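Trainee: In this note's numbering, the protein residues as written are 5 to 155.
Calculated from the structure, these hints are not laboratory results.
Honestly, I wouldn't trust all of these hints.
Said to hold, decoys possible - Listed next, the in silico DMTMM-like pairs over lysine to aspartate or glutamate satisfying Cα-Cα at most 25 Å (straight line): (1) K74 to E115; (2) K153 to D130; (3) K149 to E115; (4) K8 to E60; (5) K74 to D99; (6) K58 to D130; (7) K143 to D108; (8) K149 to D118; (9) K54 to D118.
Said to hold, decoys possible - Now the in silico label distances, taken between C-beta atoms and shown as ranges: (10) K153 to M15: 45 to 55 Å; (11) K153 to Q82: 32 to 42 Å; (12) S71 to W119: 17 to 27 Å; (13) Q82 to M15: 53 to 63 Å; (14) E56 to G104: 47 to 57 Å; (15) Y100 to K54: 44 to 54 Å.
In this text, all values refer to a predicted model and were calculated from it rather than measured experimentally.
Note that the Cβ used here is the ideal one computed from N, Cα and C, for glycine as well.
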Amino acid sequence: MASKRLRTFCMTLLFISLIVGVANVMSASVDLKAKETEANKINPSAITGKWELKLEGGSTTYTETLSIAKGSGNLKLQAKNPGSQSFRVTLQSDDYPQYGVILDAAVKAGETLDWTKNGGGVPSGDYTLQVHGSAADPKGVVYLKSASKPW
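Take these sequences, add in the hints, and give me the full structure.
Mentor: Listed below in structure tokens is the structure:
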């Protein structure tokens, strides 16, 4: 009888310690996610350039020429395509041909492209941002931001 009580007591103790351990792990995970989210937010003063390319007017190609300031080569681009046809987004350096096309991506109809370039980023200078539609004119908007700190 005593061994049965001892076994029940040990099992109960083991179960309680398991629950406490799982609760601690989950709490640490939530704290870590909150810290990651805070770390990924960029200070607004670090944003050095903002561009918006609206795709309206019936053209098959839209072009924006922009300048990236020195030390601001961390880029973040979002292209929204609410239209019924896909389109391509390209970004290339005008000053450094050796870099070629930095971004060449298709954005399918009804989808959004999110793209970032961190690390060394891109060098300062002039760039051309283009949106190319196929047979139909593209619909949507493209946002590009440059920052002195990684996104």
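Trainee: With reference to the structure, classify each hint as holding or not holding.
Mentor: Tested hints:
| no. | hint | in the structure |
| --- | --- | --- |
| 1 | K74 to E115 | violated (32 Å) |
| 2 | K153 to D130 | holds (19 Å) |
| 3 | K149 to E115 | holds (20 Å) |
| 4 | K8 to E60 | violated (79 Å) |
| 5 | K74 to D99 | holds (13 Å) |
| 6 | K58 to D130 | holds (20 Å) |
| 7 | K143 to D108 | holds (18 Å) |
| 8 | K149 to D118 | holds (12 Å) |
| 9 | K54 to D118 | holds (15 Å) |
| 10 | K153 to M15: 45 to 55 Å | holds (53 Å) |
| 11 | K153 to Q82: 32 to 42 Å | violated (18 Å) |
| 12 | S71 to W119: 17 to 27 Å | holds (19 Å) |
| 13 | Q82 to M15: 53 to 63 Å | holds (54 Å) |
| 14 | E56 to G104: 47 to 57 Å | violated (25 Å) |
| 15 | Y100 to K54: 44 to 54 Å | violated (22 Å) |
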